[in-house]
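Sequences listed follow chains A and B, in order.
Going by our numbering, the letters in the first sequence line up with residues 1 to 285, in that order.
Going by our numbering, the letters in the second sequence line up with residues 1 to 383, in that order.
Read the hints as simulated data drawn from the structure, not as lab findings.
Backbone N, C-alpha and C fix where the C-beta goes; we use that ideal spot for every residue, glycine too.
Some hints here could point you the wrong way.
[What the hints assert, rightly or not] Okay, derived cross-link-like pairs now, DSSO-like style, lysine-lysine, Cα gap no bigger than 30 Å in a straight line: (1) A:Lys197 x B:Lys341; (2) B:Lys166 x A:Lys55; (3) A:Lys55 x B:Lys337; (4) B:Lys369 x A:Lys22; (5) A:Lys226 x B:Lys341; (6) B:Lys50 x B:Lys166; (7) B:Lys337 x B:Lys369; (8) B:Lys163 x A:Lys185; (9) B:Lys369 x A:Lys185; (10) B:Lys107 x A:Lys197; (11) A:Lys226 x B:Lys163; (12) B:Lys99 x A:Lys228; (13) A:Lys167 x A:Lys22; (14) A:Lys228 x B:Lys107; (15) B:Lys369 x A:Lys245; (16) A:Lys167 x B:Lys166; (17) B:Lys99 x A:Lys185; (18) A:Lys167 x B:Lys99; (19) A:Lys272 x B:Lys369; (20) A:Lys245 x A:Lys122; (21) B:Lys50 x B:Lys163; (22) A:Lys122 x B:Lys163; (23) B:Lys104 x A:Lys268; (24) A:Lys245 x B:Lys166.
[Said to hold, decoys possible] Over 10 Å on every C-beta distance to chain B, these chain A residues come out as not near it, computed from the model: (25) Lys55; (26) Pro102; (27) Gly177; (28) Ala230.
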Amino acid sequence: MGMVAGAVFASGAWANPSLLPKEPPEGWILVDGPRIFTKATLFEHINGQAELFFKYGFQRCTFAVYKDRSNPDQQIDLDIYDMGNVLQAFGVFSRFRDEDRPMGVGLDSTLDEHSALFYQGKYYVALYATESNPDVLKQLARKVSENLSDPSPPPREISFFPKEDLKPGSIQYVSEGFLGHQFLKRGFHGTYADGDKEFQLFLAVFKNPEEAKTGLRAFRNYLSNKGKIAQETPAGFGPDVVRGKDPYQGDILVLQKESYLVGVAGSKLGGKEEERLADLAKRVR
Amino acid sequence: MPSNHMGRRKFIKQLSSICVGLMTSRLWSANSSHAATQKTPSLEYRTLGKTGLKVTAVSMGVMNCSDPAVVLRAFDLGINFYDTADCYMGGRNEEMVGKAFQGKRDKVYLQTKVHAHDEQRMRASVERSLRRLRTDYIDVLVWHGHNSTEEVSDREQFDFMEKMKKEGKIRFSGFSSHSRMAPLLKEAAQCGYHDVALVSYNFTHSRDLKEAVAMAAKAGVGIVAMKTQAGGYTKEKMEGLNPHQAALKYILRDPNVAATVPGVTTIEQIEECAAVIGTSLSQRDLRELKAYQAFLENRICTLCGGCTGECSCGVPYGDLLRAVMYHDGYRNDLLAKETVKDSLSQQIWQRCSECSSCTAVCRRGLEIKEQIQLALTLYSHDA
Chain A
1 MGMVAGAVFA SGAWANPSLL PKEPPEGWIL VDGPRIFTKA TLFEHINGQA ELFFKYGFQR
61 CTFAVYKDRS NPDQQIDLDI YDMGNVLQAF GVFSRFRDED RPMGVGLDST LDEHSALFYQ
121 GKYYVALYAT ESNPDVLKQL ARKVSENLSD PSPPPREISF FPKEDLKPGS IQYVSEGFLG
181 HQFLKRGFHG TYADGDKEFQ LFLAVFKNPE EAKTGLRAFR NYLSNKGKIA QETPAGFGPD
241 VVRGKDPYQG DILVLQKESY LVGVAGSKLG GKEEERLADL AKRVR
Chain B
1 MPSNHMGRRK FIKQLSSICV GLMTSRLWSA NSSHAATQKT PSLEYRTLGK TGLKVTAVSM
61 GVMNCSDPAV VLRAFDLGIN FYDTADCYMG GRNEEMVGKA FQGKRDKVYL QTKVHAHDEQ
121 RMRASVERSL RRLRTDYIDV LVWHGHNSTE EVSDREQFDF MEKMKKEGKI RFSGFSSHSR
181 MAPLLKEAAQ CGYHDVALVS YNFTHSRDLK EAVAMAAKAG VGIVAMKTQA GGYTKEKMEG
241 LNPHQAALKY ILRDPNVAAT VPGVTTIEQI EECAAVIGTS LSQRDLRELK AYQAFLENRI
301 CTLCGGCTGE CSCGVPYGDL LRAVMYHDGY RNDLLAKETV KDSLSQQIWQ RCSECSSCTA
361 VCRRGLEIKE QIQLALTLYS HDA
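Isolated chain A, as found in the complex (with noise of 0.2 Å):
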């Protein structure tokens, strides 16, 4: 196609075609695009779910559509998002992804009948098609991978959680209202199985240990005002800990750690889940 030969105007800024495979999947045509939709046009694009995108530093978006030559009711919508950094595109990946289906393409992705996600570098990428075709999704997602060359490994929070009893595909990082808190801020959390028990465990990030310890205690002072404050903590956490419970959560026991607050939330928290919290703990660095 003439539009992947040259930078292409559109949505007012040029377009930056390298982004896109260099050939679509065999049989298959780019029948629009590449689009360029920047902050100021986002909207145009996606409407209301922009504002998502902009919580997590969104930079733009190429965008562009393919279509099966011999059925052109069979389409694929093609999003490349940069995010600015991986940290993000992990982030806005994690709040996509329904469940853990991955397909090996870019550092984590998933992929069902009708849509491919993956994220890799700055970049979340997000497939649509309109028939059920997993297998020219994964063919698409995989040729755009190849182009893409931010070799950022995947943020390291992500390591520390223990892989024992969680649930695949569950680890999500939030960029504002962590738990829905605004005192927490931006954070991690996972999710873990014990038989039909769910637990949680979670991460919030602070800028270093100083701001860590004020989080700390903003949440102490939350669960005293609405919530519990249990009066006797776990041994072998340290000082720095506190246990209550959520009126929201359930039950929950939060430690400092260096630059970060580690914590555990569930109905009911026993040895299993103080145990996963330790081993959360003792990675974090």
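Mind docking chain B on chain A? Use the hints.
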């Protein structure tokens, strides 16, 4: 309204204590209200147009919320109307709402969205929403992001919604819109196809939109206002007034608005919004709010497009003003720089900075020349 240095906590407390007269005060009287008010000690309900649903005037936009704790806090505060969408977070937002309200479904009203496609896909979308929301009916299903009057009066779309109603999958239908809202609302008032309109409506919008909202409400369209905070201004800029509450109060003054759905992400934010429920304003509060309104009117471009094409040098005033809004209001210089970079060539920028006979005039009285000068000063290196 609070004194210059009133803290947020004190402001919330004061708001709570001055709750009674908003709708009964002469200035804000709701004689022409089609969103009739009904009070309980702590909540204000309004009727959502011809749906007849009694919804909380301050409701919740769930879109960006990541934690069910916030939704449950909203429920505990008495908020009963929640706006989500099929596509938010690839459907995970609907899932969170469904999970949070399991066992409470009969106590809340759920609004979600569908994109216009062929019937098969739209049906599939509705079925997915029902599954994720863990319910067998959607209270209000709206078309996502209408941009033209043709879409608003599209007979086929109307027929699809009617089918969904007959099949019991939805109770009411409507549309959402972020742009060209005034003509769309007027069209909705005329065609009678919609029970609800979800529109971007805040203190930056024009009288045209206010009139269109009134016209649609009079025709029985339940008006749900989104983007009510419009980014919000910093506290310093507003002499101590909490920007989010002020913006919310501003829009709640319009009796034709049945519900507002501010997008919140934390428990603190939803509590802050809920503190505005049912508030009244003293005469002093009214004076200060009017001053705030005047403050905003002189500073915020509503992007009405009235100045487009007026510059003989081809300077897109609207884009420059938007850049200033991002700088001044949103405090987002990156966004401002990007707007400038995307909109202006170096050549046009040069012509603008050398022009001695600027003819820019704003129909709303915005000091447009000052703002262009500010944009030139701030962003000339970014064009």
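Hints versus structure:
1. Straight-line distance between C-alpha atoms of A:Lys197 and B:Lys341 comes to about 52 Å, which puts the hinted pair past the 30 Å bound.
2. A threshold of 30 Å between alpha carbons decides the hint, and for B:Lys166 with A:Lys55 the separation of about 39 Å lies outside it, so the pair is violated.
3. Taking the CA atoms of A:Lys55 and B:Lys337, the gap is about 18 Å. The hint holds against a cut of 30 Å.
4. Between the alpha carbons of B:Lys369 and A:Lys22 the distance comes to roughly 47 Å, so the proposed pair goes past 30 Å and is violated.
5. Between the alpha carbons of A:Lys226 and B:Lys341 the distance comes to roughly 48 Å, so the proposed pair goes past 30 Å and is violated.
6. For the proposed pair B:Lys50 and B:Lys166, the alpha carbon gap of about 17 Å is at most 30 Å, so the pair holds.
7. As the CA atoms of B:Lys337 and B:Lys369 are separated by approximately 19 Å, the hinted pair is consistent with the 30 Å bound.
8. Between B:Lys163 and A:Lys185, the direct Cα distance comes to roughly 44 Å. Violation of the 30 Å bound is thereby established for this hinted pair.
9. For the suggested pair B:Lys369 and A:Lys185, the alpha carbons sit about 39 Å apart, so the restraint of at most 30 Å is broken.
10. With a CA separation close to 27 Å, the supplied pair B:Lys107 and A:Lys197 stays within the 30 Å bound.
11. A hinted pair counts as satisfied when its Cα atoms are at most 30 Å apart, and A:Lys226 with B:Lys163 does not qualify at roughly 46 Å.
12. Restraint check: the Cα-Cα separation between B:Lys99 and A:Lys228 comes to about 25 Å, which is no more than 30 Å; the hinted pair holds.
13. Note on A:Lys167 and A:Lys22: the hinted pairing is violated, with a Cα-Cα distance of about 37 Å set against a maximum of 30 Å.
14. For the hint pairing A:Lys228 with B:Lys107, the CA-to-CA distance comes to about 27 Å; that is within 30 Å, so the pair holds.
15. Restraint check: the Cα-Cα separation between B:Lys369 and A:Lys245 comes to about 56 Å, which exceeds 30 Å; the hinted pair is violated.
16. Among the hinted pairs, A:Lys167 with B:Lys166 is inconsistent with the structure: their alpha-carbon atoms are about 41 Å apart, more than 30 Å.
17. For the proposed pair B:Lys99 and A:Lys185, the alpha carbon gap of about 24 Å is at most 30 Å, so the pair holds.
18. Distance check on the hinted pair: A:Lys167 and B:Lys99 sit about 18 Å apart at the alpha-carbon level, within 30 Å; holds.
19. Taking the CA atoms of A:Lys272 and B:Lys369, the gap is near 66 Å; set against the 30 Å cutoff, the hint is violated.
20. At roughly 38 Å between alpha-carbon atoms, A:Lys245 and A:Lys122 are farther apart than 30 Å, so this suggested pair is violated.
21. Restraint check for B:Lys50 and B:Lys163: the C-alpha separation of about 18 Å stays at or below 30 Å, so the hint holds.
22. For the proposed pair A:Lys122 and B:Lys163, the alpha carbon gap of about 44 Å is over 30 Å, so the pair is violated.
23. Taking the CA atoms of B:Lys104 and A:Lys268, the gap is about 23 Å. The hint holds against a cut of 30 Å.
24. A C-alpha spacing of about 46 Å is found between A:Lys245 and B:Lys166, which places the hinted pair above 30 Å, so the restraint is violated.
25. With a minimum CB-CB distance of about 6 Å to chain B, A:Lys55 fails to clear the 10 Å threshold, and the non-interface call is violated.
26. The Cβ of A:Pro102 lies farther than 10 Å from every Cβ of chain B, with a closest approach of about 16 Å, so its non-interface assignment holds.
27. For A:Gly177, the condition that its CB be more than 10 Å from all CB atoms of chain B is violated, with the nearest at approximately 3 Å.
28. A cut-off of 10 Å between C-beta atoms confirms that A:Ala230 is not in contact with chain B; the least separation is 19 Å.
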